[in-house]
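A.B. asks: Single-letter residue listing:
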Amino acid sequence: MSQESNLKFQGAKKYVLDQELASIVNISMKLEMPLILKGEPGTGKTMLAHAIAENLNMPLIVLNVKSSMKLVEALYQYDTLTRLNDSRFGDSNRNVSDIDEYIKMGKIGQAFCADHRTVLLIDEIDKADTDFQDDMLDVLDQMQFDIIETDKTVQAKHRPVIIITSNAKKDLSDPFLGRCNFHHIAFPEPKMMRKIIAVHFSDIDAKLAQNSIDAFYKMREVDSIEKKPATRELINWIRALNADPDFRAKDLIKGQLPFLGVLFKKSPDYERATNIASRRRMF
Amino acid sequence: MFLNFFYILKDIGIPVSPTSFLTLQKALHQGAIQTLDDFYTCARAILVKSERYFDLYDQAFAHHFEGVPLPEDDGFEIDEMSRAMLDEWLKDPKKLADILGMDEDALKKLSPEELLDYFKKRLKDQDGEHHGGYKWIGTGGFSPVGHSGHHPGGMRVGGESRNKSAVKVANERRYKDYSTQGPLTQANMGEALKRLRNMIPTGPKDNINIDETIRETIRNGGEIELIFDRALKDRLKVILLIDNGGWSMDPYIQVVQTLFDYAGAQFKEVQTYFFHNTIYDYLWEDPARYKKPKKVVEFSRLDPDTRLVIVGDASMAPYELMAHDGSIHITQRSGRPSIEQLKFMAKTFPHTVWLNPVAENMWGYTHSIMAIYKIFSMFELSLDGLEKAVEKLMRRD
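Protein chains in written order, with the numbering used here: chain U, 78 to 360; chain X, -10 to 386.
Excised from the complex, chain U in its bound form (with noise of 0.2 Å):
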């Protein structure tokens, strides 16, 4: 066994992990699967995989999916125009006659033809088509594309940490799942949270902590919200407050919620929750 593969992932500085978690990145990486991260949003899918690079010391390549993306984009492209221009120019260095010279790789070629082991991040996987999946069955499986203009095979140098993360709305393909090793990162419990706060700011008022992680959880509870406020949105929130001098952490125990466009944006979810901060008292 190489020694890269005996790297064990630890949590990062801005990171708080649970222990599930940890031991499951590690068998991911030890068996070489991708692994796939469903859950809401704010859940930390993506801090995940900059907290595995930060820890591992690897280099992070991140392929934002995007819904009319195709596979061969996230592999390689064959830059025409480039090619068209410098065969009419002829004023750069390149060999026009070699197409090899016109191949630019994508993030996943990217990812194996890199030197090291790195970190491949693809992000948001649901949002194209289910033919993506499908098409990068192979990809995962052989670790390998072709390039059809030149028939070569890029073969990866070393296989990359592949985290693929999929918000919970479509399931993904079986058989796609099924090269995958999978994980739910369920919403943080108030516990956590609080060390995920602490990480964020280390010189934070615990009263204040304390209130705020309260008063969010109740509000996430409140009835018929479209877009519950995530991590994210807590820390922004505690930013703001940390930032109003004019804001005292015994408000919030009041029921006085200040800022609440951080934790709701979608203009009927304001309405709602101003609604419910002002009329009853949240303690």
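Some hints here could point you the wrong way.
[To be verified] Subject to a maximum C-alpha distance of 35 Å in a straight line, what follows is the list of computed DSBU-like cross-link-like pairs (lysine-lysine):
{"hint": "1", "chain 1": "U", "residue 1": "343", "chain 2": "X", "residue 2": "15"}
{"hint": "2", "chain 1": "U", "residue 1": "331", "chain 2": "X", "residue 2": "280"}
{"hint": "3", "chain 1": "U", "residue 1": "342", "chain 2": "X", "residue 2": "283"}
{"hint": "4", "chain 1": "X", "residue 1": "280", "chain 2": "U", "residue 2": "147"}
{"hint": "5", "chain 1": "U", "residue 1": "343", "chain 2": "X", "residue 2": "-1"}
{"hint": "6", "chain 1": "U", "residue 1": "343", "chain 2": "X", "residue 2": "283"}
{"hint": "7", "chain 1": "U", "residue 1": "204", "chain 2": "X", "residue 2": "15"}
{"hint": "8", "chain 1": "U", "residue 1": "143", "chain 2": "X", "residue 2": "283"}
{"hint": "9", "chain 1": "X", "residue 1": "284", "chain 2": "U", "residue 2": "304"}
{"hint": "10", "chain 1": "U", "residue 1": "284", "chain 2": "U", "residue 2": "304"}
{"hint": "11", "chain 1": "X", "residue 1": "-1", "chain 2": "U", "residue 2": "204"}
{"hint": "12", "chain 1": "X", "residue 1": "194", "chain 2": "X", "residue 2": "284"}
{"hint": "13", "chain 1": "U", "residue 1": "272", "chain 2": "U", "residue 2": "229"}
{"hint": "14", "chain 1": "X", "residue 1": "-1", "chain 2": "U", "residue 2": "331"}
{"hint": "15", "chain 1": "U", "residue 1": "91", "chain 2": "U", "residue 2": "184"}
{"hint": "16", "chain 1": "U", "residue 1": "229", "chain 2": "X", "residue 2": "336"}
{"hint": "17", "chain 1": "U", "residue 1": "90", "chain 2": "U", "residue 2": "184"}
{"hint": "18", "chain 1": "U", "residue 1": "147", "chain 2": "U", "residue 2": "343"}
{"hint": "19", "chain 1": "X", "residue 1": "381", "chain 2": "U", "residue 2": "143"}
{"hint": "20", "chain 1": "U", "residue 1": "143", "chain 2": "U", "residue 2": "305"}
{"hint": "21", "chain 1": "U", "residue 1": "305", "chain 2": "X", "residue 2": "332"}
{"hint": "22", "chain 1": "U", "residue 1": "229", "chain 2": "U", "residue 2": "268"}
[As the list claims (entries may be wrong)] Per the computed footprint, the stretches of chain U lying under chain X, defined by three or more beta-carbons under 8 Å from a beta-carbon of chain X, are:
{"hint": "23", "region": "93 to 103"}
{"hint": "24", "region": "159 to 167"}
{"hint": "25", "region": "320 to 331"}
[Claimed, not checked] Listed next, with one range per pair, are the computed distances between beta-carbon atoms:
{"hint": "26", "chain 1": "U", "residue 1": "297", "chain 2": "X", "residue 2": "25", "range": "32 to 40 Å"}
{"hint": "27", "chain 1": "U", "residue 1": "143", "chain 2": "X", "residue 2": "376", "range": "29 to 37 Å"}
{"hint": "28", "chain 1": "X", "residue 1": "281", "chain 2": "U", "residue 2": "333", "range": "26 to 34 Å"}
{"hint": "29", "chain 1": "U", "residue 1": "143", "chain 2": "X", "residue 2": "194", "range": "14 to 22 Å"}
{"hint": "30", "chain 1": "X", "residue 1": "52", "chain 2": "U", "residue 2": "266", "range": "52 to 60 Å"}
{"hint": "31", "chain 1": "U", "residue 1": "348", "chain 2": "X", "residue 2": "258", "range": "21 to 29 Å"}
Because the hints were derived from the structure by calculation, they are not lab data.
We put the beta carbon where it would ideally sit given N, CA and C, even for glycine.
Given chain U, put chain X in place with the hints provided.
C.D. replies: Chain X alone, transformed into the frame defined by chain U:
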């Protein structure tokens, strides 16, 4: 190793594959799993591919490693079984009564819930006596062909209740959320739906058309001439209206479920609304038809190019369709008979189809189907029908 555990997972209803089991063995072999805690998390990550099954996994794990008995009622296999039994009963009450050793009349007096409970009990008994002994249930039996089942207790219990008027539905079972149940199954249904696309060039002209560029460049005597196009995007809007009310649609849940799943996966813009039996004043965004009503008249504001797909058995009592106060829900009687609302929808959206899970050759026997058939292009909810429906929706007229 852990072969038993694997089969417990399989039996309890989690779709586990041998390949993933081998992966788990590999992990064990590599010494990556040291403790039972490790095993719990890693085996779950490797074997279980959806959070829907996490709870079942926990149960199986507790059962295998700590001897906690498996909860019996919740295993949804039994639920499925009893559901299939109920369908069977709808088709042939007598046969089932015979098999259960019950008087047909006594059976009829039970409410559907009681029936289901009774079935479940019987199923468990049977399981105890001899395994695999309920083959005769025939789970695939969702075909709409069969006898009419009518419930003398006053509640309509199936799509099979042809020609019989529905009494006001009292015990409506609400929480059938098609969108979250069950995995995808019939891949070919997706294939049929795939053609329902309308690729239109939209956005700025930022896609280079290589072929045209080369042609123009040659025409230009080698001087490069760049030709740009707009990107093609699927701009088709689809509204899906699903009848999820009462018992008459229950036998078709599987097939509607599949359709729903694919609609979500295939179309960029699909809105789903629910109704019961037919359309009155409101349609609902939530499957329970409770929280988010939308007035039917408001649909006139939507893009008339939207493709409207209605799924329902169109089977109901004639007055429900024709009468001014036909709605079985008292809150929804605005005075416009449902048939007018349907005509309004058909007029608002020229591209409309009605998909009916009832077999086509049975349509003629139900008055309400024929009445609706005159308003909408109706197709059978089968692969064939679906393809025809897609063809109709994409026709340019």
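A.B. asks: Run the distance test for residue 342 of chain U versus residue 283 of chain X: straight-line Cα separation, threshold 35 Å.
C.D. replies: Roughly 23 Å separates the two Cα atoms, so the pair holds.
A.B. asks: Take the C-alpha atoms of residue 331 of chain U and residue 280 of chain X, compute the straight-line distance between them, and say whether it is at most 35 Å.
C.D. replies: holds (31 Å)
A.B. asks: Run the distance test for residue 229 of chain U versus residue 268 of chain U: straight-line Cα separation, threshold 35 Å.
C.D. replies: Distance ~52 Å between residue 229 of chain U and residue 268 of chain U Cα, so the pair is violated.
A.B. asks: Check the following: the C-beta atoms of residue 143 of chain U and residue 376 of chain X are separated by a distance inside 29 to 37 Å.
C.D. replies: Because 30 Å falls inside the window, the suggested range holds.
A.B. asks: Straight-line Cα separation of residue 284 of chain U and residue 304 of chain U no greater than 35 Å?
C.D. replies: Roughly 27 Å between the alpha carbons, so the hint for residue 284 of chain U and residue 304 of chain U holds.
A.B. asks: Can the restraint linking residue 343 of chain U and residue 15 of chain X be considered satisfied, given a maximum Cα separation of 35 Å?
C.D. replies: violated (47 Å)
A.B. asks: Check whether the Cα positions of residue 204 of chain U and residue 15 of chain X lie no farther apart than 35 Å.
C.D. replies: Since the Cα atoms of residue 204 of chain U and residue 15 of chain X sit roughly 32 Å apart, the hinted pair holds (cutoff 35 Å).
A.B. asks: Please work out if residue -1 of chain X and residue 331 of chain U have their alpha carbons no farther apart than 35 Å.
C.D. replies: violated (52 Å)
A.B. asks: Is it true that the CA of residue 381 of chain X sits at most 35 Å from the CA of residue 143 of chain U?
C.D. replies: Holds. Residue 381 of chain X to residue 143 of chain U sits at ~31 Å (cutoff 35 Å).
A.B. asks: Is the hinted pair residue 91 of chain U and residue 184 of chain U satisfied, with a Cα-Cα distance of at most 35 Å?
C.D. replies: holds (25 Å)
A.B. asks: For the pair supplied as a hint, residue 147 of chain U and residue 343 of chain U, confirm whether the alpha-carbon distance does not exceed 35 Å.
C.D. replies: The given pair, whose Cα atoms are some 32 Å apart, holds under the 35 Å limit.
A.B. asks: Given the hint that residue 343 of chain U pairs with residue -1 of chain X, does the C-alpha gap stay at or below 35 Å?
C.D. replies: Violated, at roughly 43 Å.
Violation of the numbered hints given earlier is confined to hints 1, 4, 5, 12, 13, 14, 16, 21, 22, 25 and 30; the remaining hints are satisfied by the structure.
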